[in-house]
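Taken in sequence, the protein lines are chains R and X. In terms of our numbering, the numbers along the first sequence are unbroken and rise by one, the last being 476. In terms of our numbering, the numbers along the second sequence are unbroken and rise by one, the last being 476.
Everything labelled a hint here was simulated from the structure, so no lab data went into it. If a hint is listed, it holds; no wrong ones were tucked in.
Example chain X residues on the side facing chain R (calculated, C-beta under 10 Å, incomplete): (1) W111; (2) E123; (3) A126; (4) L138; (5) T142; (6) D145; (7) Q157.
Note that the structure is a prediction, hence the values are computed from the model and not measured. C-beta atoms are modelled at their ideal positions from N, C-alpha and C, and glycine is treated no differently.
Protein chains: 2
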Amino acid sequence: MGRLVMKFGGTSVADIDRIRNVARHVEREVKAGHQVAVVVSAMAGTTDRLVGWCRDAAPVHDAREYDAVVASGEQVTAGLLAITLQDIGIPARSWSGWQIPIRTDGVHGAARIAEIDAKELRKRMEQGQVAVIAGFQGLGPDKRVTTLGRGGSDTSAVAVAAALEARCDIYTDVDGVYTTDPRIVSKARKLSRISYEEMLEQASLGAKVLQTRSVELAMVYKVPLQVRSSFDPPDSLDQDRADGTGPGTLVCDEDEIVEQHVVSGIAYSRDEAKVSIRKVKDRPGVSASIFGPLAEADISVDMIVQNVSADGETANITFTLARKDLRKALEVLNRVKDKVGFLELTHSEDVAKVSVVGIGMRSHAGVAARMFKALADKGINIQAITTSEIKVSVLIDEAYTELAVRALHAAYGLEAAN
Amino acid sequence: MGRLVMKFGGTSVADIDRIRNVARHVEREVKAGHQVAVVVSAMAGTTDRLVGWCRDAAPVHDAREYDAVVASGEQVTAGLLAITLQDIGIPARSWSGWQIPIRTDGVHGAARIAEIDAKELRKRMEQGQVAVIAGFQGLGPDKRVTTLGRGGSDTSAVAVAAALEARCDIYTDVDGVYTTDPRIVSKARKLSRISYEEMLEQASLGAKVLQTRSVELAMVYKVPLQVRSSFDPPDSLDQDRADGTGPGTLVCDEDEIVEQHVVSGIAYSRDEAKVSIRKVKDRPGVSASIFGPLAEADISVDMIVQNVSADGETANITFTLARKDLRKALEVLNRVKDKVGFLELTHSEDVAKVSVVGIGMRSHAGVAARMFKALADKGINIQAITTSEIKVSVLIDEAYTELAVRALHAAYGLEAAN
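Can you make the complete structure from the sequences, with help from the hints?
The structure is reproduced here in structure tokens:
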């Protein structure tokens, strides 16, 4: 019962047959008595085609026009799903971002949702009409269409759920959140529940199930988020489980997780690059002279390691960043070389980040130590470390990624747990 | 100088290279000092694909959702052309129907434009920004996207030109309006000018250069309309001709046509079907009992021929209609058979309509007579006739279409005239 937002990604709506399958999932929830809003992505391949056209038209192009072009993909899916729902007797209506409207800021191509006026949606949902909403888009202050950036449909769904005070089910091509990537560890276990904080770390650390911003938003607005598979037969998901969880993984407040594990998952990312600056003159303000220009160039730096050299007068600074930003970062640093004063710049793309995540870490000592030991046992060298309250990440040689993930999954007993 | 609306159809914007070609046409007009708005169709093939998806989703579907899906095609082209224009240094901005807005009535799938608020467009055009407008669409009273029906981009262009008090150039894949279809008569001659009335008849009678409603609208608002080719090299169209006409065909008020011809063109349409109702009881109100139900079923009837039978008590009624409506018409008539009282219903799709058009007919007698003689000379039987002030149409066996067109083109000396 109650209000429910269902979100379906590009592969779940890739063709009319799959859209029909989505309609059956929606039908099930409507028949269960829910007031339903559905958020859809563009049909798989559509956004890439539209982006390709924009690039062909001009390699560097106006983000406003890019948004106008690219947002069309989701509008098509929304209309087609509305037609399909009506065809099986379910009242439905499609909504583009500007129609609701979903108001965003003016950062075209990567807009953030500012406000959703859900009055009309609520009214119609109460009357039994399913609202089919084009994800990934909104209306900017300039009255032009904005898009939220790749993967933004998850964010749309959570924002709509927040505005409707609804639960949010994210349908994807996997059936939940696992302790780690099942392609690497065949015994990876599906979690029935995971906390917002852990999911957020997982998403930022490379797990691709949910988009980081959507989890942030869910956490802030306490939107119960469920990850489940759109490829399961629509009828088999009829009933919630006896333990109160659904068939997928529920992302929720940690208070709602009865049986907490110290570590809930192992994440990894190959999207890393490492830059080392050798023999930097060690003086006050030197870090700012390096990281200031990088920030100005919109480059996010992740791990930072600083060692004083043997001579005591210079330092070596190593940091990591997203692989796509490497070239730009090197340009920026070479430009400020004289001002900063350093001897040498080296870089590597053969690195990966492997992370252990778990809210139980807060109250359990020895999590990091166990990680370092497990890696050492396999002869894996740690190049850098960062930690937060609920995660430990290490940078390693990329070739050891799978080995490290398997060793850590075993070391924390993740496959054995129930 | 002054304001100019340029319209480009689907084949003119079929891919990025062609869109770039369109941008060069626009550049030429901007450099000539015009304030330019461009109206674009969807890239060739796009609308068919979108329509196909709607049909696959449900053979009978909500016109509102059809509109939401199908209107996306023009939005994509508008964004891509804006990007391409900006890339060659011309300020440009895309506009969807709802953004301007182009207000229409609520007849989804075949809406009529009610009002265009061109204030913002005017302002920006005065500032030198080219407005790239998605054709074929508007915003209905229900705040939902409407479409104007196939070929509606011509209508969009004329309506925008009327609102901007601008000239309207329709770029297409032919370089103007011809005395008849050059694929049938190789010596068909391009007209430098044609009156609104003649163009309207031509369009209704099967010539595919311009959409009927766009010509109607141009006539009402006195929008000078020029038909020209988008495949000519953009630079070669630089100058208007010495006689004041452009490189294509100007559709204008008849007062502006100095050298008037009695007949300006021969049109034909194979999109015809014929229905004969035999032995209808001849009593008052019988016509209404036949054509009333057809009108209610939204079927337009064209030519009607009624003969009293030999018995003096019954009549035979023959009429023509669009081929696509034939099946529905037969259903309607069979349903009312008992009420109307007739013996037999026969039909044929092997018919074509050939028409002679010219404003000179008003003041010249003998136009129809010459037509009938030319056809008789070739042994072509006339099955039905309709006339208006400026056209004579005949229904013939479809197999004789080309022969009839060639005979009439020669009979009125259309190829010889200058």
